[in-house]
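Q: Sequence:
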Amino acid sequence: MSNVVLDAQNIRKFFTDGKSTVDVIKGLSLQVKQGEFVSIVGSSGSGKSTLLHVLGGLDRPNEGMVFLNGKRFDNLGEAERGFLRNEHLGFVYQFHHLLPEFTALENIAMPLMLRKDAEFKKAKERAEYLLNRVGLSHRMTHKPGELSGGERQRVALARALVTQPKLMMADEPTGNLDRKTALSIFELLSDLRQEFNMAMLIVTHDEQLAQSADKILHMQDGLWK
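Counting in UniProt numbering, the sequence shown runs from 1 upward without gaps.
Simulated from the structure, these hints should not be mistaken for lab results.
Hints may contain errors.
Straight-line distance between alpha carbons at most 27 Å, and here's what the computed DSS-like set of lysine-lysine pairs gives [said to hold, decoys possible]:
no.	residue 1	residue 2
1	K71	K26
2	K143	K116
3	K71	K124
4	K143	K71
5	K180	K26
6	K225	K33
7	K166	K121
8	K33	K166
Pair ranges (Cβ atoms, derived) [as the list claims (entries may be wrong)]:
no.	residue 1	residue 2	range
9	L114	R60	18 to 24 Å
10	Y129	S190	36 to 42 Å
11	S184	D59	29 to 35 Å
12	K225	N132	30 to 36 Å
13	K121	V4	30 to 36 Å
Just so we're clear, the structure is a prediction, and the values are computed from it rather than from any experiment.
Idealized CB from N, CA, C, for every residue including glycine.
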């Protein structure tokens, strides 16, 4: 059995505005293997966030193919892509995107509760474990508005892990935090990756944070540099 979790082949993404076409991704390929940590580094506007959205099934490529655990992913309908994302992928963004009306515990358990076979007790137990793992067991009943920026990002990280994904994707996960908090979040990400033996693909403009990756890919103007 192949240990390749994500396989992207000749990805091209462009946007058309009237008579002009803007190429954002210009034929990129990459693989991420089980347990591997890959970072994509590039300046703002290099296309790295667009690439991550295509790889994670949030958008479709205009050309090329994306395989998740050996199954082609990019050509599926929205509902089936959503199902596979919930089952195999975890996402962390620069902004936490927590639901303000729910507690930290409820936000973390949400991806499990959205499943057809959801069991509240198991989802709650898993969420409690992850809250403790990210050092926030004392914030279980607090809503996002009652948490600091670093705490909200830790909750978002726990939410991304609650489904036990094969691959964690993160788009500038520390970009909205001060340096000290950013380093602590990044260290936590690395520790959890090893604990759960999951692959991790991180997009960042921070060369220093990217250095601990197993593989660093530099992106410029929609191409590998």
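Q: Check each numbered hint from earlier against the structure, then list the numbers of those it violates in ascending order.
A: 3, 4, 5, 10, 12
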